[in-house]
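There are 2 protein chains.
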Amino acid sequence: MQDSIEQYMQAVGQQARKASRVLSSASTHTKNNALSAIYTALVNHEPEILAANAVDMQKGRDSHLDSALLDRLELTPTRFKGMLQGLKDVIALTDPIGEITDLAYRPSGIQLGKMRVPLGVIGMIYESRPNVTLEAASLALKSGNAIILRGGSEALQSNKAIATAIQHGLKVAGLPEHAIQVIETADRAAVGQLITMTEYVDVIVPRGGKSLIERISNEARIPVIKHLDGNCHVFIDVEADLHKALPIALNAKTHRYGVCNAMETLLVHEEIAEEFLPRIAELYAEKHVELRGCQETRRILGSSVKTATEEDWYTEYLAPILAIKVVEHIDQAIEHINKYGSHHTDAIVTENYSKVRKFLAEVDSSSVMINASTRFADGFEYGLGAEIGISTDKIHARGPVGLEGLTSQKWIVFGDGQIRH
Amino acid sequence: MQDSIEQYMQAVGQQARKASRVLSSASTHTKNNALSAIYTALVNHEPEILAANAVDMQKGRDSHLDSALLDRLELTPTRFKGMLQGLKDVIALTDPIGEITDLAYRPSGIQLGKMRVPLGVIGMIYESRPNVTLEAASLALKSGNAIILRGGSEALQSNKAIATAIQHGLKVAGLPEHAIQVIETADRAAVGQLITMTEYVDVIVPRGGKSLIERISNEARIPVIKHLDGNCHVFIDVEADLHKALPIALNAKTHRYGVCNAMETLLVHEEIAEEFLPRIAELYAEKHVELRGCQETRRILGSSVKTATEEDWYTEYLAPILAIKVVEHIDQAIEHINKYGSHHTDAIVTENYSKVRKFLAEVDSSSVMINASTRFADGFEYGLGAEIGISTDKIHARGPVGLEGLTSQKWIVFGDGQIRH
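Each protein sequence line maps, in turn, to chains A and B.
Under the numbering used here, the residues of the first sequence are numbered 913 to 1333, in order.
Under the numbering used here, the residues of the second sequence are numbered 913 to 1333, in order.
Copies of the same chain are indistinguishable here, so a pair counts whether it falls within one copy or spans any two.
Derived DSBU-like pairs: lysine-lysine, alpha-carbon spacing no greater than 30 Å straight-line:
no. : residue 1 : residue 2
1   : K1251     : K1083
2   : K1122     : K1138
3   : K1138     : K1322
4   : K1270     : K1251
5   : K930      : K1026
6   : K1199     : K1218
7   : K1270     : K930
8   : K993      : K1138
Since the hints were made in silico from the structure, they are not lab data.
A quick note: this is a predicted structure, and the numbers were derived from the prediction, not measured.
Could you put together the complete structure from these sequences and hints?
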């Protein structure tokens, strides 16, 4: 079995590599044609796709998947419409491939510039949500990359049905069918193969729980664009405008709980804590947010607030729970963020110019915000179109990753016969 | 021993991480001050450094190091001057850190942009040449990164002497001495530690032979900016201007042999081969370049030309040897380059507009050149100032890597109290 999985994955890899060569020089027109044909095929195949999803859902219920997972797995007609809209958005995006920038003459007489090119073959590993299949496939196609998709086994029928529509679209546009491949085995060995086929795969994008991503990062022999966790902070400075601070602190925590850009720890300057904390606590109480505070927070808000432990500062709750710490000054806030945070998204609320500059320069996170809710850190809000993930790495892509994160730049040189002396 | 190496390296890593936090927000003025102080210290320490190098050289001769290695190891007064000039060049470079680009308003009212930041801690692994110690240290410092340097054991005394001058310079400028650390053990286990300390090191830059780099890439748990090999091509199209083609083909092969951007295979369009090959062969003969040709090449040039085997197409000779293949058309040339090449640097010589566009779009190499010698692919010629390496990867940095390759961009958001709806 192990052998046959290896053979299967090697074949998938070879086909992807071959298809990627065609895709890399496909015109914008051809790629958009394929995406439009996929759109039409999806509309035509909607009943089959929803039926396949119903099979996955029934199997999921039979095997007692937890309700959050079942929720993510489900494709309703509304979600299906959302998927189609996402696809339309990708068609509307500017094709990044072939863009030439920075063309300038060097003293030798050569003219040097950079040209944007696809990475090649993307390996995508994800859990449950079948809409990721379409999102990832369309972003890969638009950016001239081939993609190998490995969704969760619980979504296999849904993903296969979506893949059928995608294949149909590729065929209509005359692009190789292996440009987008869905792994059709539930065997976990397939993932082990995918993340080590260095000759066939150029980058791995995992999406899912922290344990999945950690496992993949540890075992991959291929660069991984990974998103570990989002332990985000908002720091309310003594010079904060409370008309901004209160809505931001409320929005960053309560707009949605289960998302990576939600605030998990609130930091408050000690000279504003007496005024700010009781007012924000009242707003959190209305939303039933559980507060866990440092000693000073509990002195101000009362001992009904639980004590935050060292562990709390590290925790991404993804729930209506918030840790609160009173700090002496901005340096302590920055130190806390850089030490306990996950380098995802952190914000300061202040009117002070020099503190803005300090916070921007010293907070080591993929998004650093001034007087705005951390909830803005996402591909749509950043105008990237669809988002293939949010990277907490520093190498290659950082923060929300859209089309450009799936590309690279090569150097180009225009000469007139120059030789090196 | 293994334990103590681990403890030693962990301490080195922790200190580097700590120093990197200071460096990341050091001003351009402070960093340049430190570099100038290092310059002065090097000038003052020249006798000690050359004496230390003499010790390494003697030891090298005693242990029968080969002459190429001894040559790379040697620090002559002329080479020392070259090192100092390189340092001056780095001081003159624009500081990339803190650069803010693409600031634009989003529909939500937030203003979004990107800010250039250091990667953090660089691990540099290299062989013999002690000037790399200064080059890498100065580039890291200028770009706000801490660096851990692990040179070859044969250069240990030279590297320690250079490091002493560097430490002195850091001290004068008030920067942490651990910003630049030289590993002082010859134990190979130190490398194993360095490339797996994911919490303390952000990127590994290996420089050396292919086997060293392959070993490091395979074992590293940290992203590697690697340069495997340079199997470069020049394709002489039927529409080539021979006044350009002859000098380029000669220069790309014979300007220097032991460099990664030298041409290793010459591809010639069949309709120009009869005219071009005898003329270029004459020029190569003057330089005593050994030719290995395909069947058609040997038909034209005579059977004194050796037969090129499949193996030859893959080979980076780094020597006065050249493989030659006659191809039917540009597609065959591109296919050959993408299949056998190392995606380093490849050139076409042609006057045809559409072939230029095709070659640029379809050749998958870090540098793609039109009517210019492949020898131009280097950090100095590209105006990057010093070069920390040439990357044959697509992720993060591609081609010659200078200061910018040691940086990353974070997103920054300026708001006025915006929350997400």
